[in-house]
Amino acid sequence: MAELVVKNLTVEFDKVKALDNVSFNLDSPFFAVIMGPNGAGKTTLLKSIIGLVKPSSGRISVYGLNPFRETGKVRQIIGYAPQIVHINIHVPMMVKEVVAMGLLSSHLPPRIIERKVWSKVDEALRMVELEGYSEKWFTELSGGERQRVLIARALIKNARLLILDEPFSMLDFEAKCEIAKLIQRLHFKMGVDVLMVAHEVSPCIAYDPLIILLNKKIYAIGKSTDVLRFEILKKAYPGVTEFPQGFIIGEDHA
Amino acid sequence: MLDIVVMMYIASVLSGLIIGSVGVVIATSRIITLTLTILHSVLGGGLLAIYLNSVLNLNLPVPLISTLFAIALSILVGELVEKGLHEDSSIALAISIATTTTIFFGYLASRTSSMALSKAWALIAGSSALVTIEDLVKLSLTFSITLPVIYVFFGEFKYIAFDEDGAKAMGLNVRLYRYLLYSLAALSASILSSTIGILATHVVLAVPGVLIMKIFKKLSIFYSCIMTVLVMVVGYILAGIFNLPPSGGVGIMSLIAIAVGAFYGRS
Chain A
883 MAELVVKNLT
893 VEFDKVKALD
903 NVSFNLDSPF
913 FAVIMGPNGA
923 GKTTLLKSII
933 GLVKPSSGRI
943 SVYGLNPFRE
953 TGKVRQIIGY
963 APQIVHINIH
973 VPMMVKEVVA
983 MGLLSSHLPP
993 RIIERKVWSK
1003 VDEALRMVEL
1013 EGYSEKWFTE
1023 LSGGERQRVL
1033 IARALIKNAR
1043 LLILDEPFSM
1053 LDFEAKCEIA
1063 KLIQRLHFKM
1073 GVDVLMVAHE
1083 VSPCIAYDPL
1093 IILLNKKIYA
1103 IGKSTDVLRF
1113 EILKKAYPGV
1123 TEFPQGFIIG
1133 EDHA
Chain B
3 MLDIVVMMYI
13 ASVLSGLIIG
23 SVGVVIATSR
33 IITLTLTILH
43 SVLGGGLLAI
53 YLNSVLNLNL
63 PVPLISTLFA
73 IALSILVGEL
83 VEKGLHEDSS
93 IALAISIATT
103 TTIFFGYLAS
113 RTSSMALSKA
123 WALIAGSSAL
133 VTIEDLVKLS
143 LTFSITLPVI
153 YVFFGEFKYI
163 AFDEDGAKAM
173 GLNVRLYRYL
183 LYSLAALSAS
193 ILSSTIGILA
203 THVVLAVPGV
213 LIMKIFKKLS
223 IFYSCIMTVL
233 VMVVGYILAG
243 IFNLPPSGGV
253 GIMSLIAIAV
263 GAFYGRS
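Protein chains in written order, with my numbering: chain A, 883 to 1136; chain B, 3 to 269.
Bear in mind the hints are in silico, worked out from the structure with no lab data behind them.
Heads up, a few of these hints could be off.
Stated by the list, open to error - Taking lysine to any residue and the SDA-like style, the derived pairs with C-alpha atoms no more than 25 angstroms apart in a straight line are:
(1) K170(B) with R941(A)
(2) K899(A) with T953(A)
(3) K170(B) with T1021(A)
Produce the entire structure from the sequences given, and follow the hints as far as they go.
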């Protein structure tokens, strides 16, 4: 049985379909990128897998667990990094506080962070190459460093599956490539499965990810050489007549 | 028997501590508008209780009815937002209900008895210059609830304010914490309205949290409490000097504090 199973998934908001009968299976180890235009339901799909958005119909299985019935167990094995634009940077948080947040689900309220957690925080920061950053303020970091901190937060509980929502957004190309390299290293060296949303796949194309082409329904799943073809892309991106090199075919959610 | 002026200053300190502890979370959670709606609800609930007491000869505790009414309306807002209605629309609906209730029962109360009318006016204008021992007890009890709860769950409130989706994904029951915060805001608003008055509460509720975020790098309940107590006490002193109502003095001090924060605070 596949580790991530999405079967006939339909999600509706006010009777408008955000996802329409979406089905796919991913066998571990996987490094998959969900692509699609704005409003394609990419984030909704990620949130359904985590158990944050209830589907109207269909089934999801994450390593054999149902995210809606076994929510706690699923959230223990999933590390999630949301879109950076959804972070309220006006709340003053130190890097170590942000990373320690990832251990919340393994503590009971009140979740006072114990001293031993700080060593785990340092370890998670080492994994994302941010040693010595724990005492810095999140707002003082660059876009790429902030993204790394969010990935460290997702990793701190030894997640089996890393779910990243637009990790390249608001970054310059060099920073995108560095984040892609980091994600690839986590996937290949540490065996973490990766499912991420990206408008631009060029930073990670060298790592040969599985591409899931989505626009409310699945248009194609496969290796980039098979999916990133004009005749396939134009089905998922109606109205677009040509695609720029590098496959920058959407806008970051700013 | 405590001197009335001393009691007034004790009330200002206790009020400052309540607002300081709750206000810092209100500001970081970006629910200042909702909190002001809660204040309107307190007025509606208070007038409803005053009316029922005068017509049905009941002895309903006005702060309790105000708190429950405010909690009910804030939960209504929360549920409507959860169901997908825009936050502004949900708040607008709640404030409409609160205002209608205020006007309707204020009118009915005024027709029932002049006593009811004076009680309603006391709720609006406040009685901070006429603090009683009972008021001090109510403020102390409220403070002994708000501060420990905010202190214990400060991390959770901060995480939710920082990244709500992330907090949900990590297993926090965001809805529960949201309602806990609304309840604390409603309780504080209700008790403060019935002791120092709704106008003074209006003036000072949003200031400390915003200032803390503007001036200090770190969110601190302690600094927030100190700052609010200062605004309250100095405001009361100013009111005494210039022969103003206490809420006027607190208003002037809040303005000064915000202006200082805007000029010298962090960008």
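Hint by hint, here is what the structure shows:
{"no.": "1", "hint": "K170(B) with R941(A)", "verdict": "holds (21 angstroms)"}
{"no.": "2", "hint": "K899(A) with T953(A)", "verdict": "holds (24 angstroms)"}
{"no.": "3", "hint": "K170(B) with T1021(A)", "verdict": "holds (22 angstroms)"}
Violated hints: none; the structure is consistent with every hint.
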